[in-house]
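Chains as they are written, first to last, in this note's numbering: chain C, 1 to 280; chain Z, 1 to 252.
Bear in mind the hints are in silico, worked out from the structure with no lab data behind them.
Positions of the beta carbon are idealized from the N, C-alpha and C atoms, including for glycine.
Accuracy of the hints is not assured; some may be wrong.
Listing some non-contacts, in silico: residues in chain C with all C-beta distances to chain Z over 12 Å [stated by the list, open to error]:
1. 19
2. 21
3. 22
4. 43
5. 102
6. 114
7. 163
8. 172
9. 173
Short, incomplete list of chain C residues facing chain Z, as computed with Cβ under 8 Å [as the list claims (entries may be wrong)]:
10. 68
11. 166
12. 168
13. 175
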Amino acid sequence: MKHLHSIRERIIYAIIWLGALFVALALLAIVGYVAVKGAGSISWAFLTEIPSRMGKEGGISSAIVGTLYLTVVAILISTPLGIGAAVYLTEYQPRRSRFTRMVEISAEVLAGIPSIVFGLFGFVFFVIFLGLGWSVLSGGLTLSLMILPTMIRTTQEAIAAVPAEFRENSLALGATRWQTVSRIVIPSAVPGIITGIILSVGRSVGETAAVLLTAGSALGIPILPTDPARSMAVHLYFLASEGISMERAYGTALLLIIMVFVINYLANLSRRRFSCRLKT
Amino acid sequence: MDSVKVRVKDLDVYYQKFQALHKVNVDIEENKVTALIGPSGCGKSTFLRSLNRLNELIEGTITEGMVIIDGVNIYDYGTDVVQLRKKVGIVFQKPSAFPMSIYENVAYGPRIHGINKKIELDEIVERSLRQANLWDEVKDRLKSSALRLSGGQQQRLVIARVLSVNPEIILMDEPASALDPISTAKLEDLIAELKGNYTIVIVTHNMQQAARVSDYTAFFLNGHLIEFQPTARLFVNPRDKRTEDYITGRFG
């Protein structure tokens, strides 16, 4: 019997191991393929020059700046909104009122909407109706709406994980609700909030459709928030779909992947530093 | 003659439809230790938490009757709950240091009440930690995280945190139940030291503990206050049959 057990254990282990291996290989294959195809076109000039002839020549510096610019604007808008909504839902309305239910359902629905629909909305509302034009601001606002559900959800989870005793002890010392939230609850939830920001950055950096319709596809470096911009993902889309330059498309893709890795790494570092500060 | 610090009159507490306390009447003496004993679910914690209006943090709690502290009913409409909770501190069952430094844990209370000067805070932190018999163990590492302290140390830190806002009454909800015997002994010594200056009300499951630390003991059963007497008398010569059954271990 024992023997049979150990054989079955081994078979199951092998299947699980294959699953893990497959995931690792798939990731490696994608990254590797892009790296092999794209490494050749990456050079100092590729990083620092702005595209010319629609991207056939020159670099992608304006797209790099545009991507970072759009992402920063989106994060700056959605972080306070997301934290605010999450704090409201978890700290001020613990009992399910109709209003909180409505806010939660809205966030869930928002999370399920395809990005092209966000792009369309952003185009109609920010670009046309508010007259912001194709700009970093329009794009950033649209992206911020798109990532808001992630921000709310992760912050909510982080806040819910803060032990109830902290709140009780704080309130019992005579702290007001806001003092408790701002000095105890939110600081304890910071690592979780950073996780939400990481996920949101990842989505913003890689987003194409929503940005294309709201930030435009200008090739220059955006300076003011009202300037139009082209993100790397949009640039990649044009390079590949219009057959402008496949080499440069792979180069852009490779940089995009590297950028996401670097951002994740930095964010993880800062999250670890925060949780260390809390724990030790 | 002793003076009454807290006078509880006809106190009823309901959680939704469940009545947790039935018409409790009791006078708590100033600068004495009053122990609350009784089996689980008898209402002693509810009673304790009604003394600084913590029950109202639980949705659906209704309180009727009066809790008069220094002549003022704390359930009156105009009561400033912040001031009340500053005056009536509480130590919970589970030692719960905030995830910040030892110093910041103690300074938290004074800070939320508007004290921000470093010299003043330093003074309060040292005084509170000394009062809580923790100063000598932590004075060299005030800046390190409070979460590194042992359970017993954390519980004394929590007491220091309560003391930092100059309370007059300290409530303790089974403060030793998560502690080892040595930490418990230290805590009991601390209670004995504190009682000269503070009115202490302590919930405990441990009858020896009640007998050791308290001057008065209240026995609760099913939401009723069955008996309230000086501790020595209650344990030696209980008036009520149910009290006798409980303290002799026949139930609970």
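Here is what the structure says about each hint:
no.: 1; hint: 19; result: 37 Å, holds
no.: 2; hint: 21; result: 39 Å, holds
no.: 3; hint: 22; result: 40 Å, holds
no.: 4; hint: 43; result: 48 Å, holds
no.: 5; hint: 102; result: 20 Å, holds
no.: 6; hint: 114; result: 39 Å, holds
no.: 7; hint: 163; result: 7 Å, violated
no.: 8; hint: 172; result: 5 Å, violated
no.: 9; hint: 173; result: 5 Å, violated
no.: 10; hint: 68; result: 33 Å, violated
no.: 11; hint: 166; result: 6 Å, holds
no.: 12; hint: 168; result: 7 Å, holds
no.: 13; hint: 175; result: 5 Å, holds
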